[in-house]
Amino acid sequence: MAIQLEHVSYTYDARSLLRQTALQDVNLELAEGLLTGIAGASGSGKSTLLQLLNGILLPTEGTVRVLDVTLIAGRKPPKLASLRRRVGLVFQFPEQQLFAATLEEDLIFGPLNFGASPEDAARRARKAVGQMGLDEALLSRHPLQLSGGQRRKAAIASVLAMDPDILVLDEPGATLDQVSRMELTQLLHRLCREEGKTVIIVTHRLDELLPYADLWMIMHEGRAVFQGTTRGLVDEARQLPGYGLSVPQPIQYWLELEEAYGLQTEEPCLSPSGLAERLTQLAFTEAKKARAYA
Amino acid sequence: MNAMENIQHKSPVLTGYQENIAAAGEDIPAEGSSKAVTDMVVLEELSFAYDGQHADIHDISLAIGKGEWVTLVGANGCGKSTLIRLMNGLLRTSYGRIYIGGIRLEPGTLGEIRQKVGMVFQNPDNQFIGATVEEDMAFGMEGRCLDAGEMRNRISGYASRLGISDLLHRHPQELSGGQKQRAAIAAILAMEPELIIFDEASSMLDEKARRDWLDLLLEMHNEARYTLLSITHDAEEIAASQRVLVMHQGGLAADLAPQELFRDVGLLRLCRMEPPFRIRFALELEKRGMMPAQQGMTDGSPNPGSEVKRIWPFSWSM
Amino acid sequence: MREKLLIGRLIDTGSPVHRLDPRAKMTAMLLYAVMVMAARSWPALLCLTAFSVLIMILTRIPLRMYLKATRPLRVLMLFILIVQCLAVKGGSVLVAAGSWHLDSAGLAAGVYAVMRMGLLVSFTAMLTFTTSPGQLNQALEGMLRPFERAGIPAERLSLMTGIALRFIPAILDEAQTIMKAQASRGADLKELPWKGKARMLTALLVPVTVGAFRRAEDLTASMESRGYRIGAPRTRYRPLVWGQGETWFVGAFVLMCLVVIWIGFN
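Protein sequence lines, in the order shown, are assigned to chains H, S and G.
Position 170 of the first sequence, counted from 1, bears residue number 170 in the numbering used here, the numbering being contiguous throughout.
Position 3 of the second sequence, counted from 1, bears residue number 3 in the numbering used here, the numbering being contiguous throughout.
Position 170 of the third sequence, counted from 1, bears residue number 170 in the numbering used here, the numbering being contiguous throughout.
Note that these hints are calculated values from the structure, not bench results.
All values derive from a computational prediction rather than experimental measurement.
Keep in mind that the hints are not guaranteed to be accurate.
Unchecked claim - Think about it this way: if two alpha-carbon atoms lie no more than 25 Å apart in a straight line, the pair counts; the simulated SDA-like pairs of lysine to any residue are:
| # | chain 1 | residue 1 | chain 2 | residue 2 |
| --- | --- | --- | --- | --- |
| 1 | H | K79 | G | M200 |
| 2 | G | K180 | H | T11 |
| 3 | G | K195 | H | A100 |
| 4 | H | K76 | G | G186 |
| 5 | H | K79 | G | L204 |
| 6 | S | K116 | G | G231 |
| 7 | H | K127 | H | L112 |
| 8 | H | K76 | G | W194 |
| 9 | G | K190 | H | L112 |
| 10 | G | K190 | H | S9 |
| 11 | S | K208 | H | F226 |
| 12 | G | K190 | H | S47 |
| 13 | H | K76 | G | Q176 |
Stated by the list, open to error - Okay, the calculated beta carbon distance ranges per label pair:
| # | chain 1 | residue 1 | chain 2 | residue 2 | range |
| --- | --- | --- | --- | --- | --- |
| 14 | G | T247 | S | R161 | 38 to 46 Å |
| 15 | S | H169 | H | S140 | 48 to 56 Å |
| 16 | H | E29 | G | E191 | 26 to 34 Å |
| 17 | H | G74 | S | C145 | 53 to 61 Å |
| 18 | H | Y12 | S | S47 | 46 to 54 Å |
| 19 | G | K68 | H | E194 | 49 to 57 Å |
| 20 | G | A198 | S | H169 | 39 to 47 Å |
| 21 | G | R9 | H | L34 | 38 to 46 Å |
Built from N, CA and C at the ideal position, the CB exists for glycine as well.
All chains, full assembly: derive it from the sequences and hints.
So, in structure tokens, the structure goes:
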């Protein structure tokens, strides 16, 4: 189990007048090597949940187990450095968090902190830049000399350079154009499939992640109201509006198809081509049947 | 491809405009010529030289009619933001002329033009001037020297129209993204502009808020009081609008209807876009020889529910 | 987006104090500061406390909110108490341990200091609980207006403070996120040695400054496109109106001020 949360709650400013419970009794189990999508209206506790995964926040109740580290509410946490090396957390708008004088310095910051040699760190920086599809020539630039899209990619690369086992991203595609968003999702999918990384993505655009995600988690008012496979999400989709989310178009279409043809047990096809292909097949069979009757 | 020719046969609006220019050619300095009556925005041979921060623009001519809903698309850095910032004088043109509601944009008319143009920006946090929603709505009107009673009327009127009456005393940071953008629009509407320009104003909203946003735009459009010009990457918003201007490297690459854009692979690649899911799905079906029963699949309708009803149950031609 | 400090938050109960012209409240605040300075005896302090409680009751905000407002300063207050107790000698010896002894004068001085500080802080809270930052700012501008001929740019100053009030919480939030991002990449401020801490904080300056500039640019665009020009005539959504209530309110403070000073002379 890569990640396990047991009865985890988190309360901001627990001892003050302004106490605010952001997470309540969340249970979660994620196996290694899977791509998980997390969705929920704003203020549902998604960002808080992510920060529990590398010990930036410690649970106020319950137990968080990530890889071989256990964080128990109220107990002194173990040294968190090794956890943070293995869990790469990309915050919202990471491009605003670049701080070094050159892109390379920013990229080697993480690896050096976690004890890599300068040569090794530089090698990893170059690899990460390549993975994000950026030109190595950009390494010597000041982050402010890059375009907005390049900065976003660079900021994600700075976490990739740490070569974490678990990658956690908070709305990495927000404000990017559609093609960049798709490229980013495909890259994360590849990292998951080819390098066995565990990837967790918070997203507002479920439809774009649907063809790639293995697991889904829906948050609502600090609780995990749904956890399961894409198939399970399709079955539960009618609940989504109650959680402040709309039913993604691919799921709407699939549900129609499912109802008409009784496909409730089938793995849903949620990409345009997949859905079209399935529909064409069904139509052909239907036509054949009709001919047989005639 | 000759972009200009392409545009002309695709867009009756622009063709009409070209004739207009030809007719008005002799008396350009004369204000209030015939085009002022129907056109909200007229740009003539507009250029802007790169200033280190804003992309350059070369030789853009176009016209936007009163009451139109136009989207402006293009890859990042193609000059969209520059273009709209020229329209209300946030940036100064290097060459060319801008008319807003028939008035030529010059240093002397800047105040008048800004009264006609309202702008809503991308980051809802950074456009709040007041410390509460109410104070922020008042800010623009104070500059117009309205009296306090009129301001109160407008604030309560527009706040209730946008469903933010309960939020008037809140600090902007206490609002959700959707609420912030509604408050920003309320502040703009309270100044009663004729042209409203949105600079990627929906890009930071979550999915549900984006739906509400689209409904709001539709509502504003149907009221026929406002001309809407929106920069957006959102496929549904583009599909819902009447007309799309595609920019590429500082020039106008196309001027066409949304459904035409979504069928033009080359243009889509140019502005790094994908059609909305339902249109991609319809195109995939078409590829496999399946046509929806009725035309209208690739329409601008933003409501997929009705779409589903239209193509199912299963009456297609094969 | 949680605001850590209770001071600086408007608690709207719609009381008469809330409705007062902010200039009156600000003037009262200045007079109050004078009173706190002048109150150097038990009777004066008691008078002042009674007066403060009366005003606080008039605001219809629960008194415990005022107590809570002093909480962030409790460590400082305790420190002042201890320092005063140790430093001031005289009067009778209360407790003695070896060569060290706590004197009555020391204790009294300590309690005085803490009480005065508590009064000042909770009364400042009264101002911010009943007045929005925007109104405070408007009051500042209104009070500086007469000095404009002396070269004080009242409008600019109030615009600057207004924007600062508006953006400081956002910028602090942003700084916090950047620190979290850095901690995620192995540079946790809490775990770093002092030298490393200093280095990290300077590294923070770049993105925070860039962020502030980005905000400033956006805000300028937003203001300009809403037709703002510095020095252009403007009307006020909430014009400042100085009525009888305001005169009475400030009058009460002037009177109280005189009383406290008079007690001091006797």
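Against the structure, the hints come out as follows:
Using a Cα cut-off of 25 Å, the hinted pair H:K79 and G:M200 holds, with the two alpha carbons roughly 19 Å apart. Under the criterion of a C-alpha separation no larger than 25 Å, the hint pairing G:K180 with H:T11 is consistent with the structure, at around 17 Å. A distance of roughly 18 Å separates the Cα atoms of G:K195 and H:A100; the hinted pair therefore holds under the 25 Å criterion. With a C-alpha separation of about 19 Å, the suggested pair H:K76 and G:G186 falls inside the 25 Å cut-off, and the hint holds.
The hinted pair formed by H:K79 and G:L204 meets the criterion: a straight-line CA distance of about 24 Å does not exceed 25 Å. Using a Cα cut-off of 25 Å, the hinted pair S:K116 and G:G231 holds, with the two alpha carbons roughly 21 Å apart. Between H:K127 and H:L112 the CA atoms are separated by roughly 15 Å; this keeps the pair inside 25 Å, and the hint holds. In summary, the hint linking H:K76 to G:W194 is supported, as the alpha carbons are separated by about 22 Å, within the 25 Å threshold.
Taking the CA atoms of G:K190 and H:L112, the gap is near 18 Å; set against the 25 Å cutoff, the hint holds. About 23 Å separates the Cα atoms of G:K190 and H:S9, which keeps this hinted pair within 25 Å; it holds. Restraint check: the Cα-Cα separation between S:K208 and H:F226 comes to about 18 Å, which is no more than 25 Å; the hinted pair holds. Under the criterion of a C-alpha separation no larger than 25 Å, the hint pairing G:K190 with H:S47 is consistent with the structure, at around 21 Å.
The hinted pair formed by H:K76 and G:Q176 meets the criterion: a straight-line CA distance of about 22 Å does not exceed 25 Å. At about 40 Å, the CB distance of G:T247 to S:R161 agrees with the hint of 38 to 46 Å. The hint said 48 to 56 Å for the Cβ distance between S:H169 and H:S140, and at roughly 51 Å that hint holds. At roughly 29 Å, the beta-carbon separation of H:E29 and G:E191 lies within the given 26 to 34 Å, and the hint holds.
Between H:G74 and S:C145 the C-beta distance comes to about 60 Å, which sits within the given range of 53 to 61 Å. Against the hinted window of 46 to 54 Å, the Cβ-Cβ separation of H:Y12 and S:S47 comes to about 52 Å, which satisfies the hint. Separated by about 55 Å at the C-beta atoms, G:K68 and H:E194 satisfy the suggested range of 49 to 57 Å. Our hint of 39 to 47 Å for G:A198 and S:H169 holds, since their Cβ atoms are close to 41 Å apart.
Distance hint check: the CB atoms of G:R9 and H:L34 are about 44 Å apart, consistent with the given range 38 to 46 Å.
This entry satisfies every hint, going by the numbered hints stated previously.
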